[in-house]
Structure formats: structure tokens, C-alpha cells
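Residue numbers (the numbering used here), protein chains in the order written: chain Z, 1 to 410; chain B, 1 to 265.
Straight-line distance between alpha carbons at most 30 Å, and here's what the computed BS3-like set of lysine-lysine pairs gives: (1) Lys257(B) x Lys222(Z); (2) Lys192(Z) x Lys222(Z); (3) Lys162(Z) x Lys21(B); (4) Lys364(Z) x Lys313(Z).
Treat the hints as calculated values from the structure; they're not laboratory data.
Just so you know, these numbers come straight off a predicted model, no measurement behind them.
Here is how the chains run, residue by residue.
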Amino acid sequence: MGQLTVNSLGKAYKIYPSPGARLREWILPFAGPRHQEKWVLKDISFSVLPGETVALVGANGAGKSTLLKLICGTVKPSLGSMEIQGHIAALLELGMGFHPEFTGRQNVFMAGQLLGLHPSEIAQLMPVIEDFAEIGEAIDQPVRTYSSGMQMRLAFSVATAKRPDLLIIDEALSVGDAYFQHKSFDRIRQFKKLGSTLIIVSHDRTAIQSICDRAILLDKGKMIMEGEPEKVMDYYNALMSERESMVIKQIQLDSGQVQTISGTGEASIESIELLNSEDKVTDVIKVGEKTTIQVKAKINQAIPQLVLGFMIKDRFGQPVYGINTYRQQQTLSDLTPGQTANFQFEFNMNIGAANYSIAFSLSKGDSHLEKNYEWRDYGAVFHVINVGKEDFVGSAWLNAQTEIELEQGQ
Amino acid sequence: MVTSVLKSTWAYRSFILGSIKRDIQARYKSSALGALWTIFGPLAMITVYTVVFSEIMRAKLPGSEDPLAYSIYLCSGVLAWGFFSESLTRATNVFIENGNLIQKLNFPRSSLPMIVIGNALFNFFIVLALFGIYLLITDRWPGAAILSLPILVALQIILIAGLGITLGVLNVFFRDVGQLLAIVLQFWFWLTPIVYPLSIIPEKFQGIVESNPLTPLIQAYQTVFLNGQWPDWQQLAPLTIGSTLLLIIGYGLFKAKSGEMVDEL
Numbered sequence: 001m002g003q004l005t006v007n008s009l010g011k012a013y014k015i016y017p018s019p020g021a022r023l024r025e026w027i028l029p030f031a032g033p034r035h036q037e038k039w040v041l042k043d044i045s046f047s048v049l050p051g052e053t054v055a056l057v058g059a060n061g062a063g064k065s066t067l068l069k070l071i072c073g074t075v076k077p078s079l080g081s082m083e084i085q086g087h088i089a090a091l092l093e094l095g096m097g098f099h100p101e102f103t104g105r106q107n108v109f110m111a112g113q114l115l116g117l118h119p120s121e122i123a124q125l126m127p128v129i130e131d132f133a134e135i136g137e138a139i140d141q142p143v144r145t146y147s148s149g150m151q152m153r154l155a156f157s158v159a160t161a162k163r164p165d166l167l168i169i170d171e172a173l174s175v176g177d178a179y180f181q182h183k184s185f186d187r188i189r190q191f192k193k194l195g196s197t198l199i200i201v202s203h204d205r206t207a208i209q210s211i212c213d214r215a216i217l218l219d220k221g222k223m224i225m226e227g228e229p230e231k232v233m234d235y236y237n238a239l240m241s242e243r244e245s246m247v248i249k250q251i252q253l254d255s256g257q258v259q260t261i262s263g264t265g266e267a268s269i270e271s272i273e274l275l276n277s278e279d280k281v282t283d284v285i286k287v288g289e290k291t292t293i294q295v296k297a298k299i300n301q302a303i304p305q306l307v308l309g310f311m312i313k314d315r316f317g318q319p320v321y322g323i324n325t326y327r328q329q330q331t332l333s334d335l336t337p338g339q340t341a342n343f344q345f346e347f348n349m350n351i352g353a354a355n356y357s358i359a360f361s362l363s364k365g366d367s368h369l370e371k372n373y374e375w376r377d378y379g380a381v382f383h384v385i386n387v388g389k390e391d392f393v394g395s396a397w398l399n400a401q402t403e404i405e406l407e408q409g410q
Numbered sequence: 001m002v003t004s005v006l007k008s009t010w011a012y013r014s015f016i017l018g019s020i021k022r023d024i025q026a027r028y029k030s031s032a033l034g035a036l037w038t039i040f041g042p043l044a045m046i047t048v049y050t051v052v053f054s055e056i057m058r059a060k061l062p063g064s065e066d067p068l069a070y071s072i073y074l075c076s077g078v079l080a081w082g083f084f085s086e087s088l089t090r091a092t093n094v095f096i097e098n099g100n101l102i103q104k105l106n107f108p109r110s111s112l113p114m115i116v117i118g119n120a121l122f123n124f125f126i127v128l129a130l131f132g133i134y135l136l137i138t139d140r141w142p143g144a145a146i147l148s149l150p151i152l153v154a155l156q157i158i159l160i161a162g163l164g165i166t167l168g169v170l171n172v173f174f175r176d177v178g179q180l181l182a183i184v185l186q187f188w189f190w191l192t193p194i195v196y197p198l199s200i201i202p203e204k205f206q207g208i209v210e211s212n213p214l215t216p217l218i219q220a221y222q223t224v225f226l227n228g229q230w231p232d233w234q235q236l237a238p239l240t241i242g243s244t245l246l247l248i249i250g251y252g253l254f255k256a257k258s259g260e261m262v263d264e265l
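Construct the entire structure; sequences and hints are all you get.
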């Protein structure tokens, strides 16, 4: 029976200003520490009951992988304790201990022993492993001749040949073709049915909601939520989007881009909303759908003129469409502190299916270079999907009307 | 402490033996002559030393009229040194080289130095066997004294393990250790009576060479192979005690720092 109890677990890495500082600390232990502690996990407490499946979610760098390594025992905690009952198997990385020069069969024996299996046990499991990997005759060929998918199949088959009491999976399953992904997912479900306890790190919302009983949300090394997978995932998404609109000068977005907010602050953007044709706030718009962008701007200091501009950019950052209120001859003038300006842009989303972002600027005139009150990249992020339109290519939807006349040959 | 090491080693014995076997096989896997290469290297060395020093340079060992004496002296020292330096160098780097494995899999890490030492030991056995054949052919078989070899090898393994684990752990934290070792080994080789007999160096320097912990061990090999005599056990006593202490210290360091070690890999 796999059971796990984690009590106020913490992990800190020692950061030394130089290798020499470590040497001094080792030689003169009474002269005080010379390192700084970088806490990557702090105060983590939870328990996983036998047969339960728990997902760990959080942004990159939240501490998920470190927590998994602590659970499987390779990394030692700096604080707190853990109690584990049962035999653990961890799929942190597949293909550990494989040697390219040896055959699949020989590698199965080595990798299996590295996982703590006895050779006689491996020999016994061999037919099952071969059968599950479905690589056929290749099992007796050197692994260097394998495709990466075949290596993955074999590695997964070895790692899960024996049902563990506690299985730890770190997104390793996203490799391989659709068929094998399905097959490996089935095996994990089977383990669950037979009573194995599962801990999964994933970003895949569907996978989490379909298989997990509970989710734990980590943020910057702290456990900030624990509960129903759906609730936790919603909170996680909200947390992510809150990040996008927080008034910080530079924000690393989940997608890897950095949102930059700059400006002198005489006027500032209060809120940005993207509405679909039913006036619902959304981030998914259909090709050609009527769309409204609503921007609320607050006036903080008296300013003579105010222009709001927005620019839709594709995933490469190339502008797709941009306009401002100056060019539309709707410049506001003589504004006083405390006033709020509500802008509304309405248009049809005649662009191709893809991901886009919108940048906004509050400025005095046509260009934000003259007087920039606020500039905000990634003010909104949305997807355009093609529903009901013919499948076209390109970034613009030109809605070509076609007429064909067929003339008979002479 | 010792029982826990023995226990986990026993549990992973087939992994350790399998890894040693695999490392040996991997070295020759894609070569046409395969395992024969294990023999060619040392064979070439013995031939070169015999031909160059005994036949061409006519080098004679002081106090011996035997033309092959110097070749035998040289070979016994170089072979034992080869085992020492090869396994020590590999043990020093073994944790760094297996960093990913250590981070992602939970297995007894003490098996890693055992694998590299076992590997070097296998090579040592092969060259010793060849050297034995050479001694038989040239009619210089040392006789019963050869039975002291297992004890000498065991002592050498304790020394290598103690030093190797200590340096291996230190190398993870201070990568200078690995670099430094390569240089230290150069000096160490020449401060050990391998190429020259202790008697030919000026007396005031003999003390330095004698204080080298490896000197009594290498001399023991030379005594066995060259003179067919049993080694001077008393001379080996300090090394035995020192190596055992070093192994205990090394293992203590390994235990104390193994958690922090993973963080540095």
C-alpha cells in the first residue's frame, strides 16, 4: 500500500559567493556560515492516501520537480520529514542507465537492476516488457539503432514492468506517438485501479481532471492551494492571468515572454476586457466574430490630451492590426485627475486561426514616443479559432466570394 | 555503518557486477578484435620495456647481473602504478560523471566507486596474468611468494577506495580537485621508486621517497616479482593502518556530504 505523508518539508540550496568561500566555511566551521540559502520549497505539508492520485501543478520554477526528487529520495530535505510506505517507482526521466552499444534486452537487465529489480525478476518480467514495448525483433539490436520513440517505449515498459505501490510521474509521458501515449496512460489507469498511489506533475488540464482525485498548487516554492482538481486548475489559471495584468515593470509570463509596462503614469490602464459577440468576457474568438475590446483608463494627473492605441500581434510579435483614437479623430482633451475614460473598440475578427496578443498604449498624441503615459505589452492574450468557416490559410480572413463559369471546349 | 554498506552492496551486487562487465564490454564492443585489445596494450608495454631497456639500452639494475632484471623491476612497478592511477582518477570523477543518474534515481551511490575500481581491477588482473606468463617463459617465476599478491592487491584496493571516495566527494564541491589530481599523479609517479631503484638516488632525497605511502607497496610488488621473496610485512603496516583510516574518513565524508552532493551536481 503506497502512502505518503509530508510534514513541513523545506529545501534550500546553499549559494556560495565563490568556491573559495565554501572552502573557508569547511575549514573554519566556527567562523560562521559564508553561504546564503536559496529556498526552493518551504513549509510543504500534505498526505496522499493509499490508492489516491494527486497532481502537482504550478508554473516553471514553482518547485514541483524538486518536490518529486525529495519524495523519491534522491534529494535530501533541508527541513521537515516524510513518511513513505511501500515500494516507490519514479518516472522522472526515461531511459536512465541505457547504453547505446548494447541490445534492448541487455539494457532492460541493467536499467531494471538500477531500479532495484533482481535479475531473476527481470527475466521473469521480460516477456511482459517485450510485449508492452512492441518493438519486435529490435529488442536484440543495439539501442543506438532505435528511434527515440522506440527507446521511450522500452524505457517506459521497464520502468512500469512491476506495479509499484507509489508511482511518481514527471510529465515523462508526453513523449512517444499518440498510440503509445494512450497505451501508457491505460497502464497507469490500470495501476490506479489495482490500488497504486500516484503523484503526477503535469500541465495538461484534461489529463489532470480525468485521472486525479486531488491537485496541489505550488507557487514560488510554497503550497498555496490543495483540493478538487478543477477548482485548483481554475485558481491556477486565474493566478497566471493575474500575473499578466499586475502593475509591475517587467513580468515573466508563463509563455516565456516578458511583459513590459512602462510610462510616466499620468494616466494608467485600469482594466482590459475582450468580449465576444455575446458580450461575454473570453479569450477565444471565432474567425469573423464580432469582438469588443473594452479598456478603462484612469487619469491620475491633469493632462491636455489622451490617446489610446492598441495593436494586435501574432505569436512572432509581428503587428497584425493597430489603430489609435488620434487617427480615428477621437482624441480626448483637458482631462482632470479622478476622471475615468471608458474606451470601446468594436470590430469583426477577420484574422486567421492562431494565438495573438494585444499591446496597449496611453499617450499624448499619435505616437507613444512623444509622451508615453503607459505602455503595456501582452495586455490581453487570445486565441482565434476557425468554426464554421472554410479551412483557409494565412493571417487574414478575406472572405473570398467565388464564382466559377465552366466553358465547354470547341 | 559497515553493515548498511555491505547490505546495500549485497542487494545491488548483480548491478555492480553487471556494470563492471558492461563497462568492459562497451570498451571493445564495436572493435573487430574485441577483448584481445585488453591483452595487446600491456603486451606491447612489456615488450617495449624489455626490448628497449634490456636489449637496446642494456640497462642493468644495480647489484644484478640479470639482463632482464630491470625490465621485470620496471614492469612490476608500472603495472601496480597503472592500477592505482587509473582507478583513482576514475573514482575522483565518478560522482560528477554520473550526476544525472544520482539526481534522478534512488540507488546506493556507494556502488559507483566500486564499479570503477572493479573495472580497473579487472584490467590489472589481465596484465598481471600476462606478466606471469612472461615470467614463466623467461624462467623467472617467483614461486610461492606470488601467493602474497592477493594481500597486496587487497591493501591497494583499500588505499584506492579511501583516497578515491574522499577525492570523489571533494571533487563535486571543488572541481579543482580533479584537475589537481592529474598534476599530483605526475609528481607522485616520479617520487615513487618505479623507474629507478631507491638505492641510486642521493641519500638526502631517499627520505622523501621513503615517506611516500606508495613506496612500500610498490617495493613489495617488486620484491615478489624480481626476487621471488615475501614482502616485508612490517614495512606495510603503517600503510595498512593509514589506508583503513582513510577509508573510514572517506566514507564518513561521503555519508555526511552525500545529501549536499546531489544539490551540487
